[in-house]
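Novice: Protein chains in written order, with the numbering used here: chain A, 1 to 219; chain B, 1 to 210.
These aren't lab readings, by the way, just hints derived from the structure by calculation. Among the hints, erroneous ones may be present.
Stated by the list, open to error - Per label pair, the in silico range of CB-to-CB distance:
#, chain 1, residue 1, chain 2, residue 2, range
1, A, Thr138, B, Gln7, 45 to 53 Å
2, B, Cys27, A, Arg135, 33 to 41 Å
3, A, Thr138, B, Phe83, 45 to 53 Å
4, A, Arg135, B, Leu134, 33 to 41 Å
5, B, Val107, A, Tyr87, 33 to 41 Å
6, B, Val160, A, Tyr87, 18 to 26 Å
7, A, Val109, B, Val107, 38 to 46 Å
8, B, Asn91, A, Trp100, 29 to 37 Å
9, B, Leu121, A, Val109, 39 to 47 Å
Claimed, not checked - Computed list of lysine to aspartate or glutamate pairs in DMTMM-like fashion (alpha-carbon distance at most 25 Å, straight line):
#, chain 1, residue 1, chain 2, residue 2
10, B, Lys124, B, Glu72
11, A, Lys101, A, Asp90
12, A, Lys181, A, Glu202
13, B, Lys127, B, Asp44
14, A, Lys181, A, Asp90
15, A, Lys181, B, Glu84
16, A, Lys181, B, Glu149
17, A, Lys181, B, Asp201
18, A, Lys101, A, Glu202
19, A, Lys181, B, Asp76
20, B, Lys127, B, Asp201
21, B, Lys203, B, Asp76
Unchecked claim - Quick look at which bits of chain A chain B covers, simulated, 3 or more residues with Cβ under 8 Å:
#, stretch
22, 42-54
23, 160-166
Computed from a predicted model, the values in this text were never measured in an experiment. Ideal placement from N, C-alpha and C gives every residue a C-beta, glycine not left out.
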Amino acid sequence: MERPGVAVTAGGPIAAARGLCACHVCQLVSRRVPEASVAHCPRCGARLHFRRPGSVQRCWALVIASYILYIPANVLIMMETGSLISYRRDTIVSGVVHLWKTGSWMIAVIVFIASVAIPLLKLFSLTLLLISVQRRSTWNPRQRTRLYRLVEAVGRWSMLDIYVVTLLAALVQLGSMATVKAGPAAVAFGAVVVLTMFATMEFDPRLIWDPLQKEEFHD
Amino acid sequence: MPDRTAQLIACHDCDLLQRDIQLNPGCYASCPRCGAVLYRNATDSVDRTLAYTLAAAMVFLGANVFPIFSIEVQGDRSAITLFEAVLSLWNQGMMTISLLVFLTAMVAPAVELLSITYLLLPLKLGKVPPSYPLFMRVLQFIEPWCMVEVLMLGVLVSLVKLTNNFRVIPGMALWSFAVLTLLLAAAAASFNARDVWSQLDAKWNDQVSP
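Could you build the full structure based on these sequences and the hints that come with them?
Specialist: Okay, structure coming up:
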C-alpha cells in the first residue's frame, strides 16, 4: 500500500558531511565552513552547530542527577492526608496501592503509569541511548530513534501527581475536618520531571545515525 | 557568513540531506531513513490554527476565572480556581512545586496562545509582526512545557480521589479545561512552522525591497 507521504531517495548524504547545517530553531539548511568559529542562521539568527555541542555530556549529567533524585522522590512522603477518623502518609507507591485497594483500580493504573513507569522508562531509555551513542553502535538506529521520539512524547505525563497533590492540598483545608498536605517527595519528584525533560531536549538524535556514515565532519 | 541553500532539507532526527518537493494538499513527507515527519502540506494551516487559537484563548480565560470544582462538608463549601490552588500551595511553603504548577499550567499555555496570535493574526492581515524570529523561538521553546492535557487528567484523578470522602460539585473550569485540551491539540496539529516561516519570510522580503 502506498503511503500518502513522499519518500525521497534513501542512502543519500548527510548534511553535516557536506558542510551543510540545519538550524535547530527554524530548520533552514545553510552552508557552514567547518573550521569557521561562529556561524548564525541567516533566517532566525540562532547559532549554527552541526551537532548540539556537549550533548552527550550534558545529557549524562541530567540523567545521573535524575537517578539520584528519583530515590527521595519514591522513598519520601508525597502526600499527607488527615481527617477525624484517619491519618495517612503516602509515598507515590503506597498511594497507588491505597487507590488499588479502595477500588479505584483505573486511577491506580493511571497514576502508576504516569508517576512510576514513565520516569523509569525515560531514565532507562536515555541511558541506553547515551551508551549506544558513546560506543558508536550501529545497532538498529531506526528503532532507537523511535525510542527517542517516544521518550520525548510521554515525558510530560509524569507531572500528573504534582497536579493532583496541588489540587487536593488546596481544596481540602477544612479546619479540623480534614487536611491534605504535599510532602517533601513532591519537590524531588518535580525536579525529576523537569530534569528528565531537559535531558531529553539535550540529547541529539542525529548522533544515533552518525556511526553509519563513512564521511567525516568536524564541528 | 553562511549562505542559504534553498530547497534542501536536513532531517531533524538523522541529518539525511533531501530535496524539498511540492506536496499535494493533506500529504506529508517523511524521512526515508529514520521515518521522521519532515513537513506537511496542510491546507489553510494559518487560518485554522488562528481560529483554534483564538477560541482556545477565550476558553483559557474561562478555565482560569471559574472554580475547577468545589466540595461540601456539613454545609461548608470550598471551591478553588487554578490560581487559588497555586497560591494556597505557595502559602503552605511548597514554593517550588507551586511555581512549577504555575509555569506549566498557566504561564506556558498563555505564552503559547499569545505567541501564535502575535505571529498569525498580522500574517492573516497581510502584515509582518516585528521581530517574528524571536517569537517563533519562544513558541518552540515553550511548547513542551505547556501541560494542559496532563492537568486535565490530574483534575479527573483528584475528582475520583475526592469522591471517596466528599460530595464533589464540578465547576465551570472543569468543562473549560476539557474543551481547552481539545482546542490546543487541534491548534498544535494544524500549526505548520515551515509554512509560517516561509510566509513570514516572503512578506518580510517584500517589505524590505518593494
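Novice: None of the hints should be skipped; say for each whether it holds.
Specialist: Status of each hint after checking the structure:
no.: 1; hint: Thr138/A <-> Gln7/B: 45 to 53 Å; in the structure: violated (30 Å)
no.: 2; hint: Cys27/B <-> Arg135/A: 33 to 41 Å; in the structure: holds (38 Å)
no.: 3; hint: Thr138/A <-> Phe83/B: 45 to 53 Å; in the structure: holds (52 Å)
no.: 4; hint: Arg135/A <-> Leu134/B: 33 to 41 Å; in the structure: holds (39 Å)
no.: 5; hint: Val107/B <-> Tyr87/A: 33 to 41 Å; in the structure: holds (35 Å)
no.: 6; hint: Val160/B <-> Tyr87/A: 18 to 26 Å; in the structure: holds (21 Å)
no.: 7; hint: Val109/A <-> Val107/B: 38 to 46 Å; in the structure: violated (31 Å)
no.: 8; hint: Asn91/B <-> Trp100/A: 29 to 37 Å; in the structure: holds (32 Å)
no.: 9; hint: Leu121/B <-> Val109/A: 39 to 47 Å; in the structure: holds (43 Å)
no.: 10; hint: Lys124/B <-> Glu72/B; in the structure: violated (48 Å)
no.: 11; hint: Lys101/A <-> Asp90/A; in the structure: holds (14 Å)
no.: 12; hint: Lys181/A <-> Glu202/A; in the structure: violated (34 Å)
no.: 13; hint: Lys127/B <-> Asp44/B; in the structure: holds (17 Å)
no.: 14; hint: Lys181/A <-> Asp90/A; in the structure: holds (10 Å)
no.: 15; hint: Lys181/A <-> Glu84/B; in the structure: holds (15 Å)
no.: 16; hint: Lys181/A <-> Glu149/B; in the structure: holds (24 Å)
no.: 17; hint: Lys181/A <-> Asp201/B; in the structure: violated (52 Å)
no.: 18; hint: Lys101/A <-> Glu202/A; in the structure: violated (40 Å)
no.: 19; hint: Lys181/A <-> Asp76/B; in the structure: holds (20 Å)
no.: 20; hint: Lys127/B <-> Asp201/B; in the structure: holds (11 Å)
no.: 21; hint: Lys203/B <-> Asp76/B; in the structure: violated (59 Å)
no.: 22; hint: 42-54; in the structure: holds (count 6)
no.: 23; hint: 160-166; in the structure: holds (count 7)
Against the hints set out earlier in the document, violations occur for numbers 1, 7, 10, 12, 17, 18, 21.
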